[in-house]
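**Q** Following the hints, put chains Z, D and X in place on chain V, whose structure we already have.
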Amino acid sequence: MKPFAISAVPIEVAALARALADDRAGACVTFEGWVRNRNEGQPVASLEYEAYALLAESEGEKILAEARERFALTGAVAVHRTGHLRIGELAVWVGVTAEHRGAAFDACRYIIDEAKARLPIWKKEHYAGGTTAWINCATRGEHAGSAPP
Amino acid sequence: MKPFAISAVPIEVAALARALADDRAGACVTFEGWVRNRNEGQPVASLEYEAYALLAESEGEKILAEARERFALTGAVAVHRTGHLRIGELAVWVGVTAEHRGAAFDACRYIIDEAKARLPIWKKEHYAGGTTAWINCATRGEHAGSAPP
Amino acid sequence: MTRVEVQYFAILREQRGVKAESIATAAATVAELYDELRVRHGFTLPGDRVRGAVNDIFVPASHPLREGDRVVFIPPVAGG
Amino acid sequence: MTRVEVQYFAILREQRGVKAESIATAAATVAELYDELRVRHGFTLPGDRVRGAVNDIFVPASHPLREGDRVVFIPPVAGG
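Top to bottom, those sequences are chains V, Z, D and X.
Going by the working numbering, the residue at position 141 of the first sequence is 307; the numbering climbs one at a time, nothing skipped.
Going by the working numbering, the residue at position 90 of the second sequence is 256; the numbering climbs one at a time, nothing skipped.
Going by the working numbering, the residue at position 78 of the third sequence is 868; the numbering climbs one at a time, nothing skipped.
Going by the working numbering, the residue at position 60 of the fourth sequence is 850; the numbering climbs one at a time, nothing skipped.
Okay, chain V solo, but in the shape it has when bound (with noise of 0.2 Å):
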């Protein structure tokens, strides 16, 4: 399996915890990202995820990298859904193990916040009158990628 993965299929949770089970772990912590039913006071319909997947992928292993260096892991997996999505569907997990719960925290969190700043992987909003956005690809929003080019 690995480490981190773009998914256009649901993403199954059981399987990736199962990865991570390891007798030498005291503490597993996870995040999962949903779809949420409304986004800064408007109501959302459902919500489309596009990835340039080849440089995700590539990234979202730095990232992953970058964790097990800054922290004392055992295991780091992560996954993220392309496609469209319905609310509450699963769109990104993440899944973090270690002796001790302080670095599972850090870590998950850690990861998360990076993949969400750094990944090429956008997002489209889907509103009740059809109408739809793309967010944050007008004015805001951050670079993606590890430097500013």
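Because the hints were derived from the structure by calculation, they are not lab data.
You can take every hint at face value.
With a straight-line Cα cutoff of 20 Å, these simulated EDC-like cross-link-like pairs (lysine to aspartate or glutamate) come out:
hint	chain 1	residue 1	chain 2	residue 2
1	V	Lys-282	V	Glu-232
2	Z	Lys-228	D	Asp-846
3	V	Lys-168	X	Asp-846
4	V	Lys-282	V	Glu-223
5	Z	Lys-290	V	Glu-265
6	Z	Lys-282	V	Asp-272
7	V	Lys-168	V	Asp-188
8	V	Lys-282	Z	Asp-272
9	X	Lys-809	X	Asp-825
10	V	Lys-228	X	Asp-846
11	Z	Lys-228	Z	Asp-279
12	X	Lys-809	V	Glu-214
13	X	Lys-809	X	Glu-826
**A** Below, chains Z, D and X alone, put in the same frame as chain V:
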């Protein structure tokens, strides 16, 4: 379902996770405490948890209520095992949902930190040679409960 | 004399050899009762390492005992 | 003229109407190529909001183009 429970049988994570589903939630952070194969350098064969269940449950609910008060959550659930557990078994599960991930991470951390410090739950390590030790029952360790006597 | 029900957990349960017992005591407070039982049963934990609960609520060491109270002595928790 | 393969994602893909195209360009750098395409296709994102990748690696705006390069222009990411 009780938001905080002591369980003498294996924790059913899938059912707990389903109970947290919420269309308003964009983030779900979970903590799992696993029985690990060594503690402070010593190989551990298995672990026994004993709880003063009535007080542990009321104190646990208090901790969850504090978390809901301090952080902008949509849900918070926790379960702690009792009984004799093998290496790798799930000893404690905390699941928190929120609109945004910052609150979910902070609340999950708060709940497990407070639970470990305050709940009247004890653990006894069983070692390879058949010897055992109650952890922190001798001279170290914190008082259970929120306030000193 | 006050009659109370005492429950033991973890190391106290093992050192006492029972989970619970009924005690008639002259002790006026939770702390005095623990000191009495510590001597009688040879508990290794000093009184200041043990918290008291009465009727499933944490109480201060000076909490007075009443007839029929359920008293629990709580060893330090694992914490890790 | 240098011939490169250009891939589009998200808002750029929608504004261009295709996922990829082959382009013969006089542009010497990634930044120059974006400016050329922005004018030609009416992209709304200014050049300083778009990062470049060449052959699936992030590159600076000044990165020189070579025959056969695969060039991707990366809009700002969602971040949330």
